[in-house]
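Protein chains in written order, with the UniProt record's numbering: chain A, 1 to 185; chain B, 1 to 185; chain C, 1 to 185; chain D, 1 to 185.
Keep in mind that the hints were calculated from the coordinates and are not lab data.
Wrong hints could be hidden among the right ones.
[What the hints assert, rightly or not] Derived pair list, reagent style EDC-like, types lysine to aspartate or glutamate, alpha-carbon separation capped at 20 Å:
| id | chain 1 | residue 1 | chain 2 | residue 2 |
| --- | --- | --- | --- | --- |
| 1 | D | K63 | C | E20 |
| 2 | D | K74 | D | D91 |
| 3 | A | K88 | B | E20 |
| 4 | C | K88 | D | E66 |
| 5 | B | K63 | D | E20 |
| 6 | D | K88 | C | D96 |
| 7 | D | K44 | C | D96 |
| 8 | C | K63 | A | E39 |
| 9 | A | K88 | B | E70 |
| 10 | A | K52 | B | E70 |
| 11 | D | K88 | C | E20 |
| 12 | C | K88 | D | E20 |
| 13 | D | K88 | C | E48 |
| 14 | C | K88 | D | E70 |
| 15 | D | K74 | D | E20 |
| 16 | D | K52 | C | E101 |
| 17 | B | K88 | A | E39 |
| 18 | C | K44 | C | D91 |
Okay, here's what each chain looks like letter by letter:
4 protein chains.
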Amino acid sequence: MASRGVNKVILVGNLGNDPEIRYMPSGGAVANITIATSESWRDKATGEQREKTEWHRVALFGKLAEVAGEYLRKGSQVYIEGQLQTRKWQDQSGQDRYTTEVVVQGFNGVMQMLGGRQGGGQGAPMGGQQQQQGNWGQPQQPAAAPKQNFAPQQQQQAAPQQQAPQQPQQQYNEPPMDFDDDIPF
Amino acid sequence: MASRGVNKVILVGNLGNDPEIRYMPSGGAVANITIATSESWRDKATGEQREKTEWHRVALFGKLAEVAGEYLRKGSQVYIEGQLQTRKWQDQSGQDRYTTEVVVQGFNGVMQMLGGRQGGGQGAPMGGQQQQQGNWGQPQQPAAAPKQNFAPQQQQQAAPQQQAPQQPQQQYNEPPMDFDDDIPF
Amino acid sequence: MASRGVNKVILVGNLGNDPEIRYMPSGGAVANITIATSESWRDKATGEQREKTEWHRVALFGKLAEVAGEYLRKGSQVYIEGQLQTRKWQDQSGQDRYTTEVVVQGFNGVMQMLGGRQGGGQGAPMGGQQQQQGNWGQPQQPAAAPKQNFAPQQQQQAAPQQQAPQQPQQQYNEPPMDFDDDIPF
Amino acid sequence: MASRGVNKVILVGNLGNDPEIRYMPSGGAVANITIATSESWRDKATGEQREKTEWHRVALFGKLAEVAGEYLRKGSQVYIEGQLQTRKWQDQSGQDRYTTEVVVQGFNGVMQMLGGRQGGGQGAPMGGQQQQQGNWGQPQQPAAAPKQNFAPQQQQQAAPQQQAPQQPQQQYNEPPMDFDDDIPF
DNA sequence: TTTT
DNA sequence: TTTT
């Protein structure tokens, strides 16, 4: 609750994919999203326009995770305020690996959908579309397998994630998920 | 120069070690520091006070790197404003690895020393002490081997880091360095 | 150029009106916009939903002012990063008054249009519409009287605003503009 | 509780005076402080070094106000995170006036003392000194007239400030206070 | 004055 | 993978 120092990340960018929603044993939701930010500049040497995209791994917890799961979609533009967190995990060979994420949680976390009518009131169901005005989806049913448990696979240390809510960060142990492509983490 | 989105990190914390300064082939300085931020809370289950420290890897470039090298020391408190950047490297076994850092560079980067008279005027030499009022050192000579070259080891692709200054991020290739203590990366 | 301390404001909100563009004697552009942010909550006493809107006075300078004048319109959603600045002026009775603004200028200033295709490429002229997809206008001609001079009225102290560009803030002297309604400043 | 938009201010600077603490009818504490941030640059025309100081009016509420009253002193360096708020009041002649402040309150508000051991543990009493290592005072008794009531003067509209805690901003009515020196408001 |  |  108290903190020594400041650990704050602010992002505005677009989702590279639909959010992935999971539920912790406690029932709390976790949403994982990836957000792109980019910079462009003119290369002084070649004179050509160049662009570099940075991909950010973001984890939202609790109510914000649910909102993300319901309203955000691939391409959605979003404002995120969270904190940096590096978590340790073991790869297949048992070697320590570290993954840094932006954790959006509790009172310090902010998630604001940008750029459109706020998913509000217009009633019309989404019908499978992927993108729409303001570029987020309609409220979505938790879909597929709701409340599926968080499944720590090779690491069997259940206790630690049974964390009481007063912890500053509800941690979770899992290897970084599989991504189907060359996302650099 | 132009950017699409916002990628901003703000940290206030203390250095876990003295800065490590290097120089790129271009002569530009790079300072690597690690900054601790922490949170404490009362564990509702056990009733005891708990604390969690997060370590942040920060890379400063150019003038700010020089200032960091001269004035910051282990324990120094600092305000940092930079951006998140994940860079790819290969470990000993040739496997891809990713490291996320806070890059402080150019016009968007800010580094402010906190907690003391600003390295200014009081004249008295430091005499080897590690920490002092305001907890940063006196201006330090680049020491040891100044202007030592940045040494990309297994990767021999010099050209890319010959980047013109107009690039948003001067990149550099190196495995994460060794730390002599329990900083988890 | 150097700074002691941090002075940063971050806003995401919608414009209450079209930007007002002026030009300083130097030819530099200044755009004044007002941005709304709001909070809503359930009143515990009455049980009803309540909302409070905060209006922010923002001044953009230079290139960002030009971009604002061209692309932003009443209702546009925008991300702003600037600094707080309070300037002193005299009201009709000669009494000192102070107005606080968010100044967006130079390398520390950021303005990002949110929520739509970035004014780019689709070619179709705007045809007098006030709002469109993504809610900003097409590039607009400086309209009316371009390059009209900044006209300090009752205060005739031209020299101070002849400021060299290396000043951290190009100041300008003018009474707060007339607003046609109850904007609270 | 919910918010549309982002309204965030981040300051790092030094207090121009000791905090002024008051108590609202509800018993909640309010601390008013002024924080200086400054920028310096070399005047290109004259070649001389110049400096400009910006003064920020900050109001802290609740627990943070109490901490501010106990530990902060004139000269203390502090990190502040709050939101911009402009409040209306009437001057002696009944004219509407507006004052913009940085409000630090609730879950979004942050106040971090910088630059010293955190009031903790070193035991040695302060002995009336005003400033010390790390530049903040020892815990201070609320002094003088604790729990003195907030005194709305010309405005007698008690009810509105009887606000339930779920309101985003506990407002208070008062003219800006007198400062004994050259702080420009 | 915006927006939802 | 996004977006312009």
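Verification of the hints:
no.: 1; hint: D:K63 / C:E20; result: violated (41 Å)
no.: 2; hint: D:K74 / D:D91; result: violated (28 Å)
no.: 3; hint: A:K88 / B:E20; result: violated (24 Å)
no.: 4; hint: C:K88 / D:E66; result: violated (32 Å)
no.: 5; hint: B:K63 / D:E20; result: violated (40 Å)
no.: 6; hint: D:K88 / C:D96; result: holds (16 Å)
no.: 7; hint: D:K44 / C:D96; result: violated (30 Å)
no.: 8; hint: C:K63 / A:E39; result: holds (17 Å)
no.: 9; hint: A:K88 / B:E70; result: violated (33 Å)
no.: 10; hint: A:K52 / B:E70; result: violated (32 Å)
no.: 11; hint: D:K88 / C:E20; result: violated (24 Å)
no.: 12; hint: C:K88 / D:E20; result: violated (24 Å)
no.: 13; hint: D:K88 / C:E48; result: violated (25 Å)
no.: 14; hint: C:K88 / D:E70; result: violated (33 Å)
no.: 15; hint: D:K74 / D:E20; result: holds (11 Å)
no.: 16; hint: D:K52 / C:E101; result: holds (16 Å)
no.: 17; hint: B:K88 / A:E39; result: holds (18 Å)
no.: 18; hint: C:K44 / C:D91; result: violated (41 Å)
Hints 1, 2, 3, 4, 5, 7, 9, 10, 11, 12, 13, 14, 18 from the list above are not met by this structure, while the remaining hints are.
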